[in-house]
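*Asks:* So you can see what is in the structure, the chains are spelled out below.
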Amino acid sequence: MTAPALDIQNLSKKFGGLPATRHVTLRVEVGERRLILGPNGAGKTTLFNQITGDIAPTSGSIRLFGLEITGLPPSRRAHLGIARTYQIITLFQKDTLEHNVMLALLGLSRRRYDMVRPLASMPQMRERAQRALARVALDHVAQRKVSDLSYGEKRRLEIALALAQEPKLLLLDEPMAGLSTEERTTIRNLIAAIPRTTTLVMIEHDMDSALSLVDKVTLLHYGQVLVDGDRETVVADPQTREVYLGL
Amino acid sequence: MTRLVLVLALAALVALPAYAGEFYVNLASQVLIAVIVAMSLNLLVGYGGLTSLGHASFVGFAAYVYAWLATRLGLGNGAAAVSALMATTGLACVFGAVALRATGLAFLMITLAFSQILWGLAYRWVSVTNGDNGLSGITRLAPFGVSLDSAADFYWMALAVSLVAFLSIAAFANSAFGATLRGVRDEPRRMAALGHNIRLIRWITFVYAGFWGAVAGLLYVNYHKYIHPSSLSIANSAEGLLGVIAGGSGTLGGPIAGAALITILKNYSSAYIERWNMLLGFVFLAIVLVVPEGIVPGLRRLLARKGDGK
Chain H
35 MTAPALDIQN
45 LSKKFGGLPA
55 TRHVTLRVEV
65 GERRLILGPN
75 GAGKTTLFNQ
85 ITGDIAPTSG
95 SIRLFGLEIT
105 GLPPSRRAHL
115 GIARTYQIIT
125 LFQKDTLEHN
135 VMLALLGLSR
145 RRYDMVRPLA
155 SMPQMRERAQ
165 RALARVALDH
175 VAQRKVSDLS
185 YGEKRRLEIA
195 LALAQEPKLL
205 LLDEPMAGLS
215 TEERTTIRNL
225 IAAIPRTTTL
235 VMIEHDMDSA
245 LSLVDKVTLL
255 HYGQVLVDGD
265 RETVVADPQT
275 REVYLGL
Chain B
150 MTRLVLVLAL
160 AALVALPAYA
170 GEFYVNLASQ
180 VLIAVIVAMS
190 LNLLVGYGGL
200 TSLGHASFVG
210 FAAYVYAWLA
220 TRLGLGNGAA
230 AVSALMATTG
240 LACVFGAVAL
250 RATGLAFLMI
260 TLAFSQILWG
270 LAYRWVSVTN
280 GDNGLSGITR
290 LAPFGVSLDS
300 AADFYWMALA
310 VSLVAFLSIA
320 AFANSAFGAT
330 LRGVRDEPRR
340 MAALGHNIRL
350 IRWITFVYAG
360 FWGAVAGLLY
370 VNYHKYIHPS
380 SLSIANSAEG
390 LLGVIAGGSG
400 TLGGPIAGAA
410 LITILKNYSS
420 AYIERWNMLL
430 GFVFLAIVLV
440 VPEGIVPGLR
450 RLLARKGDGK
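As given, the protein sequences belong to chains H and B, one line each in that order. The first sequence begins at 35 in the working numbering and counts up by one. The second sequence begins at 150 in the working numbering and counts up by one.
Keep in mind that the hints were calculated from the coordinates and are not lab data. Please note: incorrect hints may appear among the correct ones.
What the hints assert, rightly or not - For lysine to any residue, the following SDA-like pairs were computed, each having C-alpha atoms within a straight-line distance of at most 25 angstroms:
(1) B:Lys415 / B:Gly402
(2) H:Lys202 / H:Lys250
(3) H:Lys179 / B:Gly402
(4) H:Lys250 / H:Lys128
(5) H:Lys202 / B:Pro337
(6) H:Lys128 / B:Gly253
(7) H:Lys128 / H:Tyr185
(8) H:Lys128 / B:Arg449
(9) H:Lys179 / B:Gly399
(10) B:Lys455 / H:Ser181
(11) H:Lys179 / B:Asp335
(12) B:Lys374 / B:Ala387
(13) H:Lys202 / H:Gly100
(14) H:Lys128 / B:Pro441
(15) H:Lys128 / B:Trp305
(16) H:Lys188 / B:Arg338
(17) H:Lys48 / B:Ala251
(18) B:Lys415 / B:Ala251
(19) B:Lys455 / H:Asp182
(20) H:Lys128 / B:Val440
Same shape as in the complex, but just chain H (with noise of 0.2 angstroms):
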């Protein structure tokens, strides 16, 4: 049996004295896409930033294809192969958008300590950036600044950036918040397209869109894990409807 992509136990933070996280368990198996529900407040972006190393938790643990990383820091868990986009837009707005996937395929790099080379001058990494750029169709305006793109296209980037990094696990947090409906179809269309060989867990609001895209279904609420399974069966689970259907 090889281990689940993502094993959480009892997890809990509190700010405070607020709890934000209480005793969460989950499990993800490898290769699996999981969609985490939960009405605001509900502790989604803080269990988030607690499996990226953002947010140390008060108790539990957190466990990576087999192995403890819960006291481990943001960047150490990149290079075992976490990625994240993030509901707040989060990229470099005064450079191009080739500048902002080679920072991400930098990250993961040697050359990261190349304090001699431009990386104008790393044509490798250029025509990776390229391609990255490519799948989520940007590849025509690589050499425009993030601030002269529209709100749509800054989301595309945000998952360009992560999936140039080619994770094992990756976090969307609310990849289609504020989108269009034809936006949504385009965002739909390119999460569809991600391999099984990256495990996948989504934060989304938008039940239409996102339900199809996943195998099962986590709901949180109040920061405790209120239903936990099958698509369908979370979906048909009264508290589903109660707390987060408003039924």
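Dock chain B against the given chain H, drawing on the hints supplied.
*Replies:* Using the frame of chain H, we list chain B on its own:
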């Protein structure tokens, strides 16, 4: 075109002792030293987003180590210079490791505290530093047996060192590593999530900036042949910082323009106006009002706008 301008400017700089008097040659040497200080500090302030108020520590510390080794221990000037560079770089390793536990205002305060400790030591540890009297009796380096005692010879040495410093700092800033440094300045969290060790990136930059600060310190003590605790003062750190900001932080040319402006104002105008500090204040006021991003990027913007208008 730009290349031609650069070559001509360089030629004018090399030939300076031929057409300028000794006062101006010496002033130019001081400008070059201030430029190295500002360029190295700019790596932290401009490219790293780490505002330090303690950069004079490295300049003054290197100068003191050189002076002390040469005059008190009787070490050869060359050995004293190499030791001073190594000791100061080591000091930057330690300072950086501690100060970079913080960023922003806290980082600024820690660097300030460090430099105040060194300044206090220089004043009070009289048996080593000779306190307020400073260390004198220092002789200039004679690289490869070439004496640097004349104003022109020292100037050429300072010019050569400045060029090496400029090229090294420019290469560092434009390299792949420099790109990660700017990334850490703009989006540290994202950079960490992408696999970049942000503490290490900042620390390497801090040490590199400290090394070039030490180089400037060696030139400083060789130029003055004397060292006083005021070289470690907050006023000196602030002057370096002002040079970076006035010229335009995060650009290669900015610190050169800023440091040159301040040094020239300080040394030249003080001969004519007693209240030169007030003049400096007015100049800064003008910079803040007309080109708030600094002289070099500001002029570039104004020129581009003029070009658009045609």
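*Asks:* Are the hints correct? Go through all of them and say.
*Replies:* Taking the hints in turn, this is what the structure says about them:
1. Taking the CA atoms of B:Lys415 and B:Gly402, the gap is near 20 angstroms; set against the 25 angstroms cutoff, the hint holds.
2. Proposed proximity of H:Lys202 and H:Lys250 is supported: the alpha carbons are some 18 angstroms apart, at most 25 angstroms.
3. Distance check on the hinted pair: H:Lys179 and B:Gly402 sit about 23 angstroms apart at the alpha-carbon level, within 25 angstroms; holds.
4. For the given pair, H:Lys250 sits about 38 angstroms from H:Lys128 by alpha-carbon distance, which is inconsistent with the 25 angstroms threshold.
5. Of the pairs offered as hints, the one joining H:Lys202 and B:Pro337 holds, with about 23 angstroms between alpha carbons and a cut-off of 25 angstroms not exceeded.
6. At most 25 angstroms may separate the alpha-carbon atoms for a hinted pair to count; H:Lys128 and B:Gly253 meet this at roughly 21 angstroms.
7. A hinted pair counts as satisfied when its Cα atoms are at most 25 angstroms apart, and H:Lys128 with H:Tyr185 qualifies at roughly 15 angstroms.
8. A threshold of 25 angstroms between alpha carbons decides the hint, and for H:Lys128 with B:Arg449 the separation of about 17 angstroms falls inside it, so the pair holds.
9. For the hint pairing H:Lys179 with B:Gly399, the CA-to-CA distance comes to about 18 angstroms; that is within 25 angstroms, so the pair holds.
10. The suggested pairing of B:Lys455 with H:Ser181 holds, with an alpha-carbon distance near 24 angstroms, which does not exceed 25 angstroms.
11. Note on H:Lys179 and B:Asp335: the hinted pairing holds, with a Cα-Cα distance of about 15 angstroms set against a maximum of 25 angstroms.
12. With a C-alpha separation of about 23 angstroms, the suggested pair B:Lys374 and B:Ala387 falls inside the 25 angstroms cut-off, and the hint holds.
13. Note on H:Lys202 and H:Gly100: the hinted pairing holds, with a Cα-Cα distance of about 13 angstroms set against a maximum of 25 angstroms.
14. With a C-alpha separation of about 18 angstroms, the suggested pair H:Lys128 and B:Pro441 falls inside the 25 angstroms cut-off, and the hint holds.
15. Using a Cα cut-off of 25 angstroms, the hinted pair H:Lys128 and B:Trp305 is violated, with the two alpha carbons roughly 39 angstroms apart.
16. Between H:Lys188 and B:Arg338 the alpha-carbon distance is near 18 angstroms, which keeps this suggested pair within the 25 angstroms criterion.
17. With a CA separation close to 23 angstroms, the supplied pair H:Lys48 and B:Ala251 stays within the 25 angstroms bound.
18. Proposed proximity of B:Lys415 and B:Ala251 is contradicted: the alpha carbons are some 34 angstroms apart, above 25 angstroms.
19. In summary, the hint linking B:Lys455 to H:Asp182 is supported, as the alpha carbons are separated by about 23 angstroms, within the 25 angstroms threshold.
20. The straight-line distance between the Cα atoms of H:Lys128 and B:Val440 is roughly 20 angstroms, inside the 25 angstroms bound, and the hint therefore holds.
In the structure shown, a violation is registered for the earlier hints numbered 4, 15 and 18, in ascending order.
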